Amino acid sequence: MQLHNTLTGHKEAFVPLDPKRVTMYVCGPTVYSFAHIGNYRPPVVFDTLARVLRRRYPSVIYARNITDIDDKINAAAGKEGVAIGVITERYTAAYHEDLKALGVQPTDAEPKVTEHIPQIVSMIARLIASGHAYVGEGHVLFHTLSYPDYGQLSKRDEQSLMAGARVEVAPYKKHAGDFVLWKPSSEDQPGWDSPWGRGRPGWHIECSAMAEAVLGDTIDIHGGGHDLVFPHHENEIAQSSCAHGGAVYARYWLHNGFVNVNHEKMSKSLGNVLLVRELLKTLPGELIRLVLLTGHYRQPLDWNDDVATDARRKLDRLYGALRDLGDVEPAIGVTAPEAFVAALEDDLNTPMALAELFELARSANKAEDAAEKSRLKAQLLDAGALLGILQQEPAAWFSQQPATSALTPEIIEQRIADRGAARKAKNFAESDRIRDELAAQGVIIEDSAQGARWRYA
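Take any residue in the sequence shown, note its place counting from 1, add 473, and you have its number in this note's numbering.
Treat the hints with caution; some may be incorrect.
To be verified - Calculated lysine-lysine pairs in the DSS-like style (CA-CA distance at most 30 Å, straight line):
1. Lys585 with Lys741
2. Lys628 with Lys897
3. Lys738 with Lys484
4. Lys552 with Lys628
5. Lys787 with Lys573
6. Lys839 with Lys573
7. Lys545 with Lys741
8. Lys493 with Lys656
9. Lys646 with Lys585
10. Lys646 with Lys656
11. Lys787 with Lys545
12. Lys741 with Lys754
13. Lys545 with Lys585
14. Lys846 with Lys899
Calculated directly from the structure, the hints in this document are not laboratory data. Keep in mind the model is a prediction, meaning the values are calculated, not measured.
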């Protein structure tokens with residue numbers, strides 16, 4: 474298995490520290506509002522990677538955190554006049570609902586910052602004791618100059634590091650690039666007691682402490698969006714390595730590309746932020762998942778007016794092949810083809826894997842031998858499971874009513890029955906009229922040896 478390691482800049486053979494216990498940590502959401510489509514690319518990508526890893530290794534421990542203390546959360550709670558827990562519970566539940574709709578399986582661990590304050594305080598204390606952190610005016614800061622390898626992940630020089638971090642100039646800093654591990658809380662802000670006074674953790678230390686708590690000092694894979702390379706992941710490496718006596722923090726770093734909208738970066742100022750919560754009102758979650766897997770995870774992905782239509786057509790083709798195999802029992806013990814698995818094990822090459830999947834569908838459409846049909850159906854279903862698609866009955870897929878259609882499946886079935894009766898009576902003009910009427914309303918009728926079938930256009 475090959476993975477592109479951001480740390481080295483190369484694709485490398487994946488060799489876990491312990492083949493009997495593969496560990497993976499992915500940065501999760503800060504739960505203060507509904508998440509946009511870009512926020513869901515990491516969970517979909519790394520959910521797929523976890524599925525692939527579990528085929529090869531007996532135990533995979535996958536953790537994705539929830540950041541439930543943050544200044545944006547504080548602001549949202551203050552605006553509504555409620556405790557931060559009201560905000561974080563609401564949007565954590567919404568996040569879980571969206572993930573389920575996208576076919577993302579639950580992780581093995583989902584640590585929350587507020588449940589790991591003692592571990593965070595302990596790690597900060599160790600960094601102070603080892604000379605890598607210091608106290609200044611109620612703050613605790615990591616001293617970046619104490620870690621000679623600072624900048625190794627992002628490949629930035631001192632000037633670029635300062636610009637990228639948008640550093641705050643403060644009199645209590647020894648160096649402009651030093652970052653906060655602990656900061657004081659005012660009376661109206663959430664806070665916890667610590668040796669340095671009542672306060673709350675900085676963003677970066679949270680993930681380091683949670684990863685240590687659930688996975689150990691050294692983890693195999695650390696993932697997240699490309700925007701987290703610096704400063705977040707760079708800072709995680711520095712503080713974790715120093716807290717663990719120089720031990721490697723993460724052996725493979727994987728980062729997915731951005732999701733743009735109509736070739737532009739999502740931003741509130743442009744008014745083009747796409748919330749998955751809103752997309753799910755008109756699009757099936759499986760379709761959204763397929764869009765997020767259509768491009769290679771390391772490349773930018775563009776969401777535009779065509780991607781949903783294209784993804785629906787692709788799923789129609791795949792589910793159509795399974796529908797034609799409806800009465801065929803999938804062969805027992807048959808798994809996805811080697812070429813399909815090889816594509817996924819080549820740095821999660823989902824475009825190549827999808828090409829192999831469509832080749833399977835083409836073969837299934839041409840197959841006449843019963844044994845071959847049985848084998849191909851088993852392969853289609855197993856390959857789909859690795860990608861997190863094709864896990865519902867074809868009839869369920871084709872009967873999903875688009876928000877733009879006023880025709881329910883029940884109405885369509887009745888109209889098809891009327892058409893069948895007209896054909897039986899040799900009233901072909903009426904039969905054609907019903908077919909054309911349905912087509913005008915976005916329903917396609919397909920006549921086959923098994924009878925009339927339909928799908929939303």
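Hint check results:
A hinted pair counts as satisfied when its Cα atoms are at most 30 Å apart, and Lys585 with Lys741 qualifies at roughly 27 Å. At most 30 Å may separate the alpha-carbon atoms for a hinted pair to count; Lys628 and Lys897 exceed this at roughly 73 Å. In summary, the hint linking Lys738 to Lys484 is supported, as the alpha carbons are separated by about 27 Å, within the 30 Å threshold. Pair hint Lys552 plus Lys628 does not hold up; C-alpha atoms about 40 Å apart against a cutoff of 30 Å.
Proposed proximity of Lys787 and Lys573 is supported: the alpha carbons are some 21 Å apart, at most 30 Å. Simply put, Lys839 and Lys573 have alpha-carbon atoms about 34 Å apart, too far for the 30 Å limit, and the pair is violated. About 15 Å separates the Cα atoms of Lys545 and Lys741, which keeps this hinted pair within 30 Å; it holds. At most 30 Å may separate the alpha-carbon atoms for a hinted pair to count; Lys493 and Lys656 exceed this at roughly 39 Å.
In summary, the hint linking Lys646 to Lys585 is supported, as the alpha carbons are separated by about 29 Å, within the 30 Å threshold. For a cut-off of 30 Å, the pair hint linking Lys646 to Lys656 stands: about 13 Å separates their Cα positions. For a cut-off of 30 Å, the pair hint linking Lys787 to Lys545 is broken: about 39 Å separates their Cα positions. A threshold of 30 Å between alpha carbons decides the hint, and for Lys741 with Lys754 the separation of about 21 Å falls inside it, so the pair holds.
Distance hint between Lys545 and Lys585 is fulfilled; the C-alpha atoms sit about 16 Å from each other, no more than 30 Å. Only pairs whose Cα atoms come within 30 Å are accepted, and Lys846 paired with Lys899 is rejected, the gap being roughly 35 Å.
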